[in-house]
Amino acid sequence: MSIIALLTDFGTRDWFVGSMKGVILGINPAVSVVDITHAVSQGNIRASALALMASYRCFPKKTIFTVVVDPGVGSSRRAIVADTGFYCFVAPDNGVLSFVLREQNKPVVYAIENDTYFRKSVSTTFHGRDIFAPVAAYLSTGISPVTVGPEVKKWITISWPELLIAENDVTGVVIYIDHFGNAFTNITSESIKHLLKPTCYIPGEPTKELPIVHFYEEVPDGEACALINSAGYLEIAVNNGNAAEQYALAIESTVRIHCR
Amino acid sequence: MSIIALLTDFGTRDWFVGSMKGVILGINPAVSVVDITHAVSQGNIRASALALMASYRCFPKKTIFTVVVDPGVGSSRRAIVADTGFYCFVAPDNGVLSFVLREQNKPVVYAIENDTYFRKSVSTTFHGRDIFAPVAAYLSTGISPVTVGPEVKKWITISWPELLIAENDVTGVVIYIDHFGNAFTNITSESIKHLLKPTCYIPGEPTKELPIVHFYEEVPDGEACALINSAGYLEIAVNNGNAAEQYALAIESTVRIHCR
Amino acid sequence: MSIIALLTDFGTRDWFVGSMKGVILGINPAVSVVDITHAVSQGNIRASALALMASYRCFPKKTIFTVVVDPGVGSSRRAIVADTGFYCFVAPDNGVLSFVLREQNKPVVYAIENDTYFRKSVSTTFHGRDIFAPVAAYLSTGISPVTVGPEVKKWITISWPELLIAENDVTGVVIYIDHFGNAFTNITSESIKHLLKPTCYIPGEPTKELPIVHFYEEVPDGEACALINSAGYLEIAVNNGNAAEQYALAIESTVRIHCR
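As they're listed, the protein sequences go chains A, B and C. Okay, so the first sequence: first residue is 1 according to the numbering used here, each after it adds one. Okay, so the second sequence: first residue is 1 according to the numbering used here, each after it adds one. Okay, so the third sequence: first residue is 1 according to the numbering used here, each after it adds one.
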């Protein structure tokens, strides 16, 4: 039994995700379809790339990830399959695979062109249903990625926000805010290893100094802390509260770790 | 492996959909249950009928669609199974199947009366769990629709909003607004074929003239356009924006296509 | 084919639930994973306990319920498996199983300690993915609950709100408000059997007397009623409306049933 994992900005209010699943099961009735999320904000390529990066390693070998966050649908933007040997990723070529592909050793990428794997009639507004779903479904039946189209050597990449690493501090930014209001930064545990007695500093009015802890309940209810989260990055959280609201954190907000 | 596709107004905040799935898998552990949506607004029969119409053809033969948008639950309203030979539809007899059944050649419709297919104790408020889910599950195991109850020759139908087709223009209405704010109308590509250089006109203050395009990115970000959508109907959209909000479009808003 | 039913407060905006499913399917590709809900409000143990109580009996024998509403994640709070012979429940030991365990005859409860069933690297913020999902998945493959850790004789329980039963009236409270605004109380049909011609009274300004009916449409659109709901408890509802909003009902609001 193979797995197709879906990540889109389609929401769950309409019939879009259900339609993709209908198409997939029509081609491969034995596949397990798993939703990563469909609630990425409209056309948000960076958030999709992050959500994929934070989750893909939980899935077993041969999982086919299908990412449809696709503001350019119907235009001449390319669609691609990236084969890492371990996983396959199916997506528009708009950068949504950037953060997983930078972690791979030589992925092989193909342009999706072979329309024998498309639905019979392809719309200009719903390639999720008409191209990405059926291509993923055929891949899950065992066809080789080679058959979807020619190999390509370049694909669109969005940049990873780099850290500023200094002797006494490391400066990063918020890259994602989750459902609980936890603010996920680009600061890794590795990058702050050289800091003696590190503490977390959020600029603002007034500025805020936060303890770096191991789990949320180390601080009292309603108090903020920083910790290395389940994806391996520093996160600002409020125990039983919403850190993003409480400290007006947004994507690209600065976060600094320095020595006490 | 057979498929049961669910469409309800139960939302996903409570345990209602999960309960239906528990009942289904207790009867047929091998079935694949697919969510079309559970976010239809409370008791909205027209929106359910449309969501079903826009998605059912994506599913393979023998799919059993189970639609539970059922404000009359517990009253004397009938429950029905409609068998089209290709698909089965299970629903309250309140019009939710109207738009799929008008596309069928002689569906055979049965009143659900045989309580051997019901849960042992039937509540008066949750027939989704106690009647529709188990009947769908038994159908997915291969029982004949004939066994659920007597054939009926009439069922409740809601009307399809008709188009006004003239020599130089076609007038329709918005029939659905999706998650992205795209406004789906009842205007088909067929109905506007006779118009030379058609353009789309939305009444209002001020009125708005929109180009008819093939895909969203033909217009700049934030600009509106009209196009034939993935269900085959004219849709008003804003590239990377929300057309319904930007032009105050609602269900039944007038949209006119005329010659330039 | 076995079933794992998930109930969390993770929401569906991020990748958390998808990650748990990836882990589960990596261990047992043949399991069916069913969502009860992921929309419990953050850390709300009482609401989770109720949602589980209201739904678990719909699932077939051997279902493994996995409840991750876990404000104490990473702290020294225990994780447990409760085996009732019929079902298994996997959860933090914080009271979320209280309402199902009070309905069982001698459940056997084990502390989860055997890390051979954990993910290789266990984070301090996401035991849903690193402990609960893999333990549930191994249980679904048939390992004995005995192997997860030592049996425990005590576990944390939250109290069930008791009824005040008098000769001429029964007083209870609202314990849950659903997606439709229906207010679910702790008053059972059994508890009001001794009342002659019962009617439902909601204190407030002005107070309100509601008829006890069998189904929603017994009252006109927009009118309130009380009825025994699909979980067996008295519920305040408004036909095609939102009772909680209309009567400012909240958790712990008083509801009284008395003789007319």
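Quick caveat, the hints were computed from the structure, so don't treat them as lab data. Some clues are possibly wrong.
Note that the list lumps identical chains together, so a pair holds whenever it fits in one copy or between two copies.
[Claimed, not checked] Computed list of lysine to any residue pairs in SDA-like fashion (alpha-carbon distance at most 20 Å, straight line):
(1) K120 with R57
(2) K61 with R119
(3) K193 with T147
(4) K120 with Y233
(5) K120 with A244
(6) K193 with N114
(7) K61 with E218
(8) K153 with Y138
(9) K197 with Q246
(10) K153 with S253
(11) K106 with K153
(12) K153 with S189
(13) K106 with K193
(14) K62 with I27
(15) K193 with G232
(16) K62 with A224
(17) K193 with T124
(18) K61 with K120
(19) K61 with A244
(20) K154 with N186
(21) K61 with T207
(22) K208 with P150
(23) K61 with G26
Values in this document were obtained by computation on a predicted structure and should not be read as measured data.
Here's how the hints hold up against the structure:
{"no.": "1", "hint": "K120 with R57", "in the structure": "between (34 Å within a copy, 12 Å between copies)"}
{"no.": "2", "hint": "K61 with R119", "in the structure": "between (27 Å within a copy, 16 Å between copies)"}
{"no.": "3", "hint": "K193 with T147", "in the structure": "neither (46 Å within a copy, 38 Å between copies)"}
{"no.": "4", "hint": "K120 with Y233", "in the structure": "between (44 Å within a copy, 18 Å between copies)"}
{"no.": "5", "hint": "K120 with A244", "in the structure": "neither (46 Å within a copy, 31 Å between copies)"}
{"no.": "6", "hint": "K193 with N114", "in the structure": "neither (49 Å within a copy, 30 Å between copies)"}
{"no.": "7", "hint": "K61 with E218", "in the structure": "neither (36 Å within a copy, 39 Å between copies)"}
{"no.": "8", "hint": "K153 with Y138", "in the structure": "neither (23 Å within a copy, 42 Å between copies)"}
{"no.": "9", "hint": "K197 with Q246", "in the structure": "neither (25 Å within a copy, 52 Å between copies)"}
{"no.": "10", "hint": "K153 with S253", "in the structure": "neither (34 Å within a copy, 48 Å between copies)"}
{"no.": "11", "hint": "K106 with K153", "in the structure": "within (10 Å within a copy, 54 Å between copies)"}
{"no.": "12", "hint": "K153 with S189", "in the structure": "neither (33 Å within a copy, 39 Å between copies)"}
{"no.": "13", "hint": "K106 with K193", "in the structure": "neither (29 Å within a copy, 50 Å between copies)"}
{"no.": "14", "hint": "K62 with I27", "in the structure": "both (17 Å within a copy, 14 Å between copies)"}
{"no.": "15", "hint": "K193 with G232", "in the structure": "within (13 Å within a copy, 57 Å between copies)"}
{"no.": "16", "hint": "K62 with A224", "in the structure": "neither (40 Å within a copy, 41 Å between copies)"}
{"no.": "17", "hint": "K193 with T124", "in the structure": "between (50 Å within a copy, 18 Å between copies)"}
{"no.": "18", "hint": "K61 with K120", "in the structure": "between (30 Å within a copy, 16 Å between copies)"}
{"no.": "19", "hint": "K61 with A244", "in the structure": "neither (35 Å within a copy, 42 Å between copies)"}
{"no.": "20", "hint": "K154 with N186", "in the structure": "neither (25 Å within a copy, 42 Å between copies)"}
{"no.": "21", "hint": "K61 with T207", "in the structure": "neither (45 Å within a copy, 55 Å between copies)"}
{"no.": "22", "hint": "K208 with P150", "in the structure": "neither (53 Å within a copy, 44 Å between copies)"}
{"no.": "23", "hint": "K61 with G26", "in the structure": "between (23 Å within a copy, 8 Å between copies)"}
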